[in-house]
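Colleague: Chains as they are written, first to last, in our numbering: chain A, 1439 to 1550; chain B, 1439 to 1550; chain C, 1439 to 1550; chain D, 1439 to 1550.
Since the hints were made in silico from the structure, they are not lab data. This structure is a prediction, so every number in the text was calculated from the model and none was measured. For glycine and all other residues, C-beta sits at the position ideal for the given N, C-alpha and C. Accuracy of the hints is not assured; some may be wrong.
Anything over 12 Å on all C-beta distances counts as not near chain D; from chain A, calculated [what the hints assert, rightly or not]:
#1 T1486
#2 E1516
#3 R1537
Going by beta-carbon spacing under 8 Å, a handful of chain A positions derived as facing chain C [said to hold, decoys possible]:
#4 A1471
#5 W1483
#6 M1538
Derived SDA-like pairs: lysine to any residue, alpha-carbon spacing no greater than 25 Å straight-line [unchecked claim]:
#7 C:K1540 <-> A:T1484
#8 C:K1527 <-> A:Q1482
#9 C:K1521 <-> C:L1510
#10 D:K1535 <-> C:F1451
#11 A:K1509 <-> B:E1476
#12 C:K1528 <-> D:I1445
#13 B:K1527 <-> A:L1544
#14 C:K1527 <-> D:R1449
#15 D:K1540 <-> A:S1462
#16 B:K1528 <-> A:Q1459
#17 B:K1535 <-> D:W1483
#18 C:K1521 <-> C:Y1541
#19 C:K1527 <-> D:E1442
#20 C:K1540 <-> B:E1543
#21 C:K1535 <-> D:E1494
#22 B:K1527 <-> A:D1458
#23 A:K1521 <-> A:L1533
#24 D:K1527 <-> B:W1483
#25 B:K1509 <-> A:M1538
#26 C:K1535 <-> A:Q1482
#27 B:K1521 <-> B:Y1541
#28 D:K1527 <-> C:V1452
#29 A:K1527 <-> A:L1544
Number of protein chains: 4
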Amino acid sequence: MPSEHTIAALRAFVEARDWDQFHSPENLAKSIAIEASELLECYQWTSTPDQTRVEEELADVVTYCIHLANKLGVDLDEIVMRKLDSTAKKYPVELAKGRMTKYTELHAEDGV
Amino acid sequence: MPSEHTIAALRAFVEARDWDQFHSPENLAKSIAIEASELLECYQWTSTPDQTRVEEELADVVTYCIHLANKLGVDLDEIVMRKLDSTAKKYPVELAKGRMTKYTELHAEDGV
Amino acid sequence: MPSEHTIAALRAFVEARDWDQFHSPENLAKSIAIEASELLECYQWTSTPDQTRVEEELADVVTYCIHLANKLGVDLDEIVMRKLDSTAKKYPVELAKGRMTKYTELHAEDGV
Amino acid sequence: MPSEHTIAALRAFVEARDWDQFHSPENLAKSIAIEASELLECYQWTSTPDQTRVEEELADVVTYCIHLANKLGVDLDEIVMRKLDSTAKKYPVELAKGRMTKYTELHAEDGV
Chain A
1439 MPSEHTIAAL RAFVEARDWD QFHSPENLAK SIAIEASELL ECYQWTSTPD QTRVEEELAD
1499 VVTYCIHLAN KLGVDLDEIV MRKLDSTAKK YPVELAKGRM TKYTELHAED GV
Chain B
1439 MPSEHTIAAL RAFVEARDWD QFHSPENLAK SIAIEASELL ECYQWTSTPD QTRVEEELAD
1499 VVTYCIHLAN KLGVDLDEIV MRKLDSTAKK YPVELAKGRM TKYTELHAED GV
Chain C
1439 MPSEHTIAAL RAFVEARDWD QFHSPENLAK SIAIEASELL ECYQWTSTPD QTRVEEELAD
1499 VVTYCIHLAN KLGVDLDEIV MRKLDSTAKK YPVELAKGRM TKYTELHAED GV
Chain D
1439 MPSEHTIAAL RAFVEARDWD QFHSPENLAK SIAIEASELL ECYQWTSTPD QTRVEEELAD
1499 VVTYCIHLAN KLGVDLDEIV MRKLDSTAKK YPVELAKGRM TKYTELHAED GV
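The following block holds chain A by itself, in its conformation from the complex (with noise of 0.2 Å):
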């Protein structure tokens, strides 16, 4: 993930404007993180935003993450797997279950 098409349309993108010199990993961790807000803004004051609106926004947000990613040589369904699997760990279903408890609360709530 994403598909072959995309990455590389989004790098021959890059590539046509010379804007690699730009996109250290650094200024695209800022920009994944301005992206953000910025679809975080279609929610300050309003549950249900435009539709439209907030899936430029969602689309700016994992473009960046493919730029890092692609900046960093890592697949993006790989380390989605694999945080995956980390979480479960940290979430085991019979203690997960129906709440969002932050997992270092989570045991010790329990006593386990």
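Fit chains B, C and D to the supplied structure of chain A, relying on the hints for placement.
Modeller: This is chains B, C and D only, laid out in the frame that chain A set:
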């Protein structure tokens, strides 16, 4: 994007924990912003952070992006490609090449 | 704002640890965003978080704002009041009363 | 902090527009994060942005911090000073001098 396997695994994870009730689009948008900031935190005082930590934080951002895309019923590849088209128009190669000027100023600067 | 006492205490804290070298405006801007997200995290899954935790995270945001204001050589009261003047013009009472419409759409909507 | 004058002006601004209904602590926390990201955006591609723009974005962050402090019934100077006390304990001068190591690792590293 992401792969069917990843989407299925994330859905099963949420379902097993009965967490769908917490995953309103608004809460997911907040979560994306929060995780994006944790990714940024890797770069708070250094431009060369630990790669493993960066991968984990990036994975968290993308995980919530996938959850939100599912909620909205959109495909990430599709919205990324659609946004790329509109960004390409805002930043034509001949004007944007080699510089990071916001598109609103890009055209003004060049008298376009 | 803040009080002379607070400003002096923050300066002494940084000086004693020789941390001024890390406090570039850019690093402080990142830090403000990171701490703002930790504040947001209090509200990630609930609208009634623990007050003590909220106070601590808000304090972190403001602390870095004070550091940045010092770096920039500006007084927070002054820039807040100046910005309030310009915001008041963008959101005239008769148009903005009782609704959170962005000022760019506020005027369009009303045919102003 | 801030001055009584600033607090009164912000309150009057909100009251005149009947915006208090939108200023839930959660919405204010989102707003602080959103404005903090706009401040960060000044530094997205450069470390020397326009000072006026930086001042305006910083003012927005602090404005929402003042609104939230009012909502919570806390004094910003007080919570900043209280947090400084606890941070000073986490980062003792002899361990933290000249380096930005997180306090959890600071002590471990030094065998304390």
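Colleague: None of the hints should be skipped; say for each whether it holds.
Modeller: Hint check:
Distance check on T1486 (chain A): its Cβ is at least 14 Å (rounded) from any Cβ of chain D, clearing the 12 Å threshold; non-interface status holds. No beta-carbon of chain D is positioned within 12 Å of the beta-carbon of E1516 (chain A); the least distance is around 27 Å. With a closest Cβ-Cβ approach of about 19 Å to chain D, R1537 (chain A) is found to remain outside the 12 Å limit, as its non-interface label requires. A distance limit of 8 Å between C-beta atoms decides the matter here; for A1471 (chain A) the minimum to chain C is near 6 Å, and the interface restraint holds.
Because the beta carbon of W1483 (chain A) sits about 4 Å from the nearest beta carbon in chain C, less than 8 Å, this interface hint is met. For M1538 (chain A), the suggested interface contact is upheld, since its CB lies about 4 Å from the closest CB of chain C, less than 8 Å. Restraint check: the Cα-Cα separation between K1540 (chain C) and T1484 (chain A) comes to about 13 Å, which is no more than 25 Å; the hinted pair holds. The suggested pairing of K1527 (chain C) with Q1482 (chain A) holds, with an alpha-carbon distance near 21 Å, which does not exceed 25 Å.
Simply put, K1521 (chain C) and L1510 (chain C) have alpha-carbon atoms about 16 Å apart, close enough for the 25 Å limit, and the pair holds. Restraint check for K1535 (chain D) and F1451 (chain C): satisfied, since their Cα atoms lie roughly 11 Å apart, inside the 25 Å limit. Taking the CA atoms of K1509 (chain A) and E1476 (chain B), the gap is about 18 Å. The hint holds against a cut of 25 Å. Restraint check: the Cα-Cα separation between K1528 (chain C) and I1445 (chain D) comes to about 20 Å, which is no more than 25 Å; the hinted pair holds.
Of the supplied pair hints, the one linking K1527 (chain B) and L1544 (chain A) is violated, its CA atoms being roughly 49 Å apart against a limit of 25 Å. Restraint check: the Cα-Cα separation between K1527 (chain C) and R1449 (chain D) comes to about 16 Å, which is no more than 25 Å; the hinted pair holds. Taking the CA atoms of K1540 (chain D) and S1462 (chain A), the gap is about 24 Å. The hint holds against a cut of 25 Å. Restraint check: the Cα-Cα separation between K1528 (chain B) and Q1459 (chain A) comes to about 20 Å, which is no more than 25 Å; the hinted pair holds.
With a CA separation close to 15 Å, the supplied pair K1535 (chain B) and W1483 (chain D) stays within the 25 Å bound. Between K1521 (chain C) and Y1541 (chain C) the CA atoms are separated by roughly 15 Å; this keeps the pair inside 25 Å, and the hint holds. Between K1527 (chain C) and E1442 (chain D) the CA atoms are separated by roughly 22 Å; this keeps the pair inside 25 Å, and the hint holds. Between K1540 (chain C) and E1543 (chain B), the direct Cα distance comes to roughly 21 Å. Compliance with the 25 Å bound is thereby established for this hinted pair.
Simply put, K1535 (chain C) and E1494 (chain D) have alpha-carbon atoms about 23 Å apart, close enough for the 25 Å limit, and the pair holds. Between K1527 (chain B) and D1458 (chain A) the CA atoms are separated by roughly 19 Å; this keeps the pair inside 25 Å, and the hint holds. For the hint pairing K1521 (chain A) with L1533 (chain A), the CA-to-CA distance comes to about 19 Å; that is within 25 Å, so the pair holds. With a C-alpha separation of about 21 Å, the suggested pair K1527 (chain D) and W1483 (chain B) falls inside the 25 Å cut-off, and the hint holds.
Using a Cα cut-off of 25 Å, the hinted pair K1509 (chain B) and M1538 (chain A) holds, with the two alpha carbons roughly 19 Å apart. For the hint pairing K1535 (chain C) with Q1482 (chain A), the CA-to-CA distance comes to about 18 Å; that is within 25 Å, so the pair holds. At roughly 15 Å between alpha-carbon atoms, K1521 (chain B) and Y1541 (chain B) fall within 25 Å of each other, so this suggested pair holds. Between the alpha carbons of K1527 (chain D) and V1452 (chain C) the distance comes to roughly 13 Å, so the proposed pair stays at or under 25 Å and holds.
Taking the CA atoms of K1527 (chain A) and L1544 (chain A), the gap is about 12 Å. The hint holds against a cut of 25 Å.
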